[in-house]
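> Sequence:
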Amino acid sequence: MTHHRFASTIAVAFPLTAIAFVAFALATFTHAAEPAGSPTRLEARASEIDPRCQAHPEIGFLIEDAKGRPADVQHASVDTNVPAKGKLVIWLMGNNTALFDRLNSYGLHVIRPHYANRWFSLCCRETPVGEHCRGNIRLEAATGEDFSDEVDIPKPDGMMERSLQFVRWLSEKHPEGNWDQFLTEDRSQLRWENVIMSGSSHGSTTAARFAKHVKVSRVVALCGPRDQHQVWQALPSATPENRYFGFSHVLDGGWTGDHYCRSWELLGMHKFGPIVNVDQASPPYSNTRRLITDFDVGGDAGRAHSSVQPGSRAYKNPADGSFMHEAVWRYLYTHPVDQVGEATPLDESCDKEQRQ
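Just so you know, the sequence shown maps onto residues -32 to -1, 1 to 324 in mature numbering (1 follows the signal peptide of the UniProt record, and there is no 0).
Please keep in mind that the hints were generated in silico from the structure rather than gathered at the bench.
Some hints could be false.
Derived CB-CB ranges, DEER-like [unchecked claim]:
#  : residue 1 : residue 2 : range
1  : A34       : D120      : 18 to 24 Å
2  : N49       : D288      : 35 to 41 Å
3  : G62       : P19       : 34 to 40 Å
4  : E99       : P122      : 40 to 46 Å
5  : Q307      : S89       : 28 to 34 Å
6  : Q22       : E161      : 41 to 47 Å
7  : P208      : Q248      : 24 to 30 Å
8  : P19       : Q248      : 51 to 57 Å
9  : K239      : G289      : 35 to 41 Å
10 : L203      : K123      : 20 to 26 Å
11 : D288      : P96       : 16 to 22 Å
12 : D117      : N63       : 27 to 33 Å
13 : D154      : R20       : 18 to 24 Å
14 : Q248      : A269      : 34 to 40 Å
Cross-link-like lysine to aspartate or glutamate pairs, in silico, DMTMM-like; alpha carbons within 25 Å at most [to be verified]:
#  : residue 1 : residue 2
15 : K53       : D154
16 : K53       : E113
17 : K284      : E310
18 : K183      : E153
19 : K320      : E113
20 : K284      : D268
21 : K284      : D264
22 : K123      : E113
23 : K320      : E310
24 : K53       : E11
25 : K141      : E16
26 : K183      : D268
27 : K141      : D226
28 : K53       : D120
29 : K183      : D154
30 : K53       : D226
31 : K320      : D288
No residue lacks a Cβ here, since even glycine has one placed at the ideal position from N, Cα and C.
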């Protein structure tokens, strides 16, 4: 298929086989019998690491579900057999072992904290919605500071504090993982300049909103960010503009509705290269920050939305089932941020004045 925002270039894929998931007991650490060179994976409940954690059922932020099962499980992984790059990926969406395995193979540490990410269908539902409503909730959920009148999320329940407490726990339970490198000398904060904020969909949007507020190493937004009707994307950014990367499918509703192209331009990503179709290009994709794919998803917008991360809906080689976007994921998370493409003009066909 064609699209008015495509740019022509090619994609190279490096097949990898996803390593099978190994379960760990909650809030404990156990070495599993894994093949040499495979990641170490850990789990812990946020409420067992930090007893200050609370549930906020009014926004779907729970510690246990209706059946009493843990709802606050957090995940982490690292491959100590791979030279470390000194970067910590904080993933703001559901656990994705296949993605984390790849990130570990690049020499990246990964954590997935439990944070308030279910408010989206409950808050800021009025029409028209305030231009800062969703952005303010995202920032409060991320920081635990009072940015929104719609929610009340204290510091121990914000992403920042839960990530800090989790990394402290990891440094004690798994010292061979060298998690201490992501803590300040007094262990009071994370070294945010060594953090890669990332997520898919809703999580990618919160990752970008947080990076506007706190300087981080980079942002990787898969199928995002969006937040149409909001203006936070154009705010001054603590994180330099060349550190934002995005990847989406052109049949994703966020793309067809101009939500992604709008956010990408408001974030300033057009200053560092054209929109590049990775299925017609090879790394380094003109050193751009804006990547798209148009592989055949059978016209299914839902599949398109989740197809840009490793999983059942991703683009695969029909011959052997290997992922076709291996090179793309490596680029997004490891391409040097100081290597940038040529600036492109704003796309007049992208609707940036979206209002309800």
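> Please write out, lowest number first, the hints stated earlier that are contradicted by the structure.
Hints 2, 3, 4, 5, 6, 11, 14, 16, 17, 19, 26, 27, 28, 30 and 31 contradicted; others consistent.
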